[in-house]
Each structure stands twice: as C-alpha cells, then as structure tokens.
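There are 2 protein chains.
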Amino acid sequence: MKEPMTRKLSVLRVNRHEASEFEDTIVKEHSATIKINDREVVTLLCSPMDLEYLATGFLLSEGLLKSRDEIIRTSMNGDDRKSTVRIETKDSGNFSKYASSRRLIASSGGRGSSYGNALPDSQPTIESRVEISASEVLALVEDFHQRSPVFEATGGVHSAALCRPDGILVFHDDIGRHNAVDKVFGECFLKDISTTDSIIVTSGRVSSEILLKVARRRVPVIISVAAPTDVAVQLAENIGITLVGFVRGNRMNVYTHDWRVKIDGK
Amino acid sequence: MKEPMTRKLSVLRVNRHEASEFEDTIVKEHSATIKINDREVVTLLCSPMDLEYLATGFLLSEGLLKSRDEIIRTSMNGDDRKSTVRIETKDSGNFSKYASSRRLIASSGGRGSSYGNALPDSQPTIESRVEISASEVLALVEDFHQRSPVFEATGGVHSAALCRPDGILVFHDDIGRHNAVDKVFGECFLKDISTTDSIIVTSGRVSSEILLKVARRRVPVIISVAAPTDVAVQLAENIGITLVGFVRGNRMNVYTHDWRVKIDGK
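For the protein sequence lines, the chains are B and Y, in the order given.
If you read the first sequence in the numbering used here, its first letter stands for residue 131, the second for the next number, and so on.
If you read the second sequence in the numbering used here, its first letter stands for residue 131, the second for the next number, and so on.
FYI, nobody ran anything at the bench for these hints, they're computed from the structure.
Just so you know, not all the hints are guaranteed correct.
Treat identical chains as interchangeable: a pair holds within one or across any two.
[Unchecked claim] Below, in silico cross-link-like pairs of lysine to any residue (SDA-like), each with a Cα-Cα straight-line distance of 20 Å or less: (1) Lys220 <-> Leu190; (2) Lys138 <-> Asp388; (3) Lys392 <-> Val260; (4) Lys220 <-> Ser197; (5) Lys165 <-> Gly193; (6) Lys392 <-> Asn145; (7) Lys392 <-> Glu148; (8) Lys138 <-> Gln253; (9) Lys138 <-> Ser333; (10) Lys196 <-> Asp221; (11) Lys392 <-> Leu142; (12) Lys321 <-> Val300; (13) Lys392 <-> Glu151; (14) Lys165 <-> Leu320.
With the hints as constraints, model all of the structure from the sequences given.
Take a look at the structure:
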C-alpha cells in the first residue's frame, strides 16, 4: 500500500490582530496491526507507508525474527485508517515467548519489551572498525534533512536512514521515531542490505530503546540531530557503539567511542 | 523522590577541523514500574521526578482511575535507575479489565490502550464556553518556553502545562511527551485542581493518543508548539476540543472549534 502520507485541510491561521483561512497539509495517522501466524502481536500508530517494512523491522527490534528464511510470506489488507500486516513464519515459538514477556512501555516513543529483555551485558560488543570523518557526518546530515518533503510540508514526521560514510542507502519517514528506524531495518532485512559497518541517522532523540534497536542490527555508529539520554550513552559505551548527537551547523557532540570519528586533515 | 533530572558527562565536541572535550549536561532516563494492588500494570521509561504524579496520570489516561476516593495509599521505592510506584485502591475490578484489553502501542510516544478502547463517538462532547485571546495564547507559550531549565540545558525533554487563559498553573518536564502530560493530570487529580475550562500546552506533536488523554480530563483547549496528525484533528472536531498548533513567533494555526480563540480588538 502506497497511500500518500499527508492530507489537505482548511485551517485558520491567527495572529494577534487577524485571522485567515488557508489550506494546510497535515500528516495522516494510521493504525497497523501486526499478526504473526494469525496471532496479534501489536498495533502501531504510524504513517500509512511501507507497512511491511515496519512490521518486519518491529519484529526484528523485538528479537522475534532472526533470518529471512523464517518468513514464509507476508500479506496486507486494510483501508485508509487501518491495516493488518500478516507475517507467516515457519516457527511460532519465538512469538509465544514474546506474548508472555513483561509489557514495557517507554518514554515518548515507548515500545516493546526490548529494554527489559536485553540488558547491556547481554549484547555482544560491536567490533566494527568503520570510520567516518567529521565532514562526512555533516554531509550525511545535510542530505538527510533534504530527503523529507513530508517533514518540510507538515513538521509532523521523524526520519531515519541507513548510510555508508559516503551517502544514504535507505531512508524512511514516520509519525513515530521508532517506526522510522524500524522501517529502515525492515527494508534492509527484506532486501539483504547489510547493516554491519553502516551508520544510522535519526531525527529523534536517542533513548535506550533506540540504542538497543541499533545494537541488535550490529550498527556501529548512530548519529542524531537531537539529544541522547544518559542510559543510551552508557549502553553505547558498553556495547561499543559510536553515539553522535546534536549535529547542527558545523559541529556535533561525540558521546562514545570517538575513535571512529576522524577530524579532517588529521 | 526528587532526583535531579540531569547528569554531567564529558563529551567530545567536534567540528570539521578540531575536537575538544567539554562537560555536557544530559537527561537521565529512569524506569518506573506502576503496580496497582501489587499487580504490575506497566513499566515506563521516564525522567526521575514526580513519579507519583506520573503513575496517577497514567492510570487516569488509561481510564483506570475515576475519583481520588478510590486511592487508599501510594508508596514508592527504588534507586537512581529504577523505581516502583505502588497504588493501593479500594477496587481492583478496573485493572482486571485493563489487563485483558488489547495491547496498543503507538507512534513515537505510543502507549496504552486508550485509542483502541475510546473511539471518537464514545467521548461525550465538551461543552465548555471558555475563551482565550490570541495574545493570551502567545503569552502562555512564551512563558511555557521559559519554564524548563532542563530543556534549556539538555534539549532532551518535553514539557506540558495546565493553564488558565491568564497563566500556567501546573508544569512538568519528562523525556516522554506522554509522561509530561500524564504528570500534569496526575498532579491536578491529586491536588483537586479542576481541568475543565482549562487549557493544556504541550511541546510535543499531537497524535490521537494525546488528544484522547486531554478529552478524558474534559479539557476544552489544547495548544501545541508542534504539529497535529489528521486523526487528532478529527477527534478534536468530534469531541468539541479547540486544537491550536504550530504556535511560533506571533502566529498559530487553529485546527478546530476556532470560536474559542478571540482576535484582539474584535
């Protein structure tokens, strides 16, 4: 389903002394229910695009899918407001475990049980020797900002991208910052695009949940235009991930494993 | 528990040609488990402040608490990273219903089962005749932006406030935009501050879930500095809530029930 992500609407623009009608563009909100082998896993509020990537990425982030061979087929139906994405797998064992796991719901963007189930020490260290220069970080983020006409028009979506140091490979928008990241990983998984030695760029803040999604896909570098939390920084340090935040103008903050970020001319 | 919401950390600030260490301030991430009558309801990732307000507000937003009389006592324990908030109620009936309800997890900020359980038509229309002038909206938002030294220092929190047209009554910060709103409603509930005829201001985007929280507390006006989704606009229209978005500089967009917003001198 490739529904447009936005809708036109008549809105009153008001300042202190006057008001006028204009036609505004706002983001659509869609409800996607994910089923594995006909059992409902979750319902996500999301943008109505690339829902198979979203479903796959969500299951990856939750540790419910490991390899593409597990998927027999995916299918989807729905309307403008609601969809159901069905994923048929060879083994339903993982899901039973999930259904009985603790429900954890999180800070703005809260989702899933990852945090409760994947404590820092249970993630093997990421050894990737990939490096990126400060200029490459700035160029990636500049390109990233130009990739979202939906954000430009509505201000209502987050974006995420999988990159190599020299450019963006996969890019997605969603009203949820978690969904945008899941769509990226879902597409990579279904298209066999390797995520190791790559870089994730996100428009959203980096909490423990986002950091753990990235760790699960063995991505060694995460770049955010926004702020991280202290737990995300601690996890990144422990797992061996380079966490870059507040990329703005010509500068950035490097919170962990700064050896992967090279200064130009050094 | 009044833990500070932030932590100092040594960070590398990098531009194209140089790097230097500095001491940065970042937000803490905390894990709060809410229990009703010793049964676990949810674990929220949040800022470590005002957790009793957070727990109470969450239960209100989920429709699990109706009146203050239902609460026999609240208690809390924990450490720097994790807390448990226990709420003892007279009747545990509501919770059983909750535990068996569909799990709905949402776009960035996703939470709870509100959306699945409270469809537009099930919310009685809000009849409040409260009015606010465009200048009062601008003044509230200006004051709102100045209330958060944590945002100023870290960029890592959302804020929410309960207001009257002439000023802010209750204000909270949290790493989650949902949590900030829940803390506001939790404090109002525990202190018997009426939310009818009042105004909610939020720094976050307005999705259906946020709109429904506000509807549950019978608040007739929601003001956001950010974007709404189309479903939030539709719900606001149906329920009788004035939804104002993108309050920036000297202007704003009024999406629904614009008769409550008065132009100065008219």
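*Tell me, in ascending order, the numbers of any earlier hints that this structure violates.*
Of the numbered hints given earlier, those the structure breaks are 8, 9, listed in rising order.
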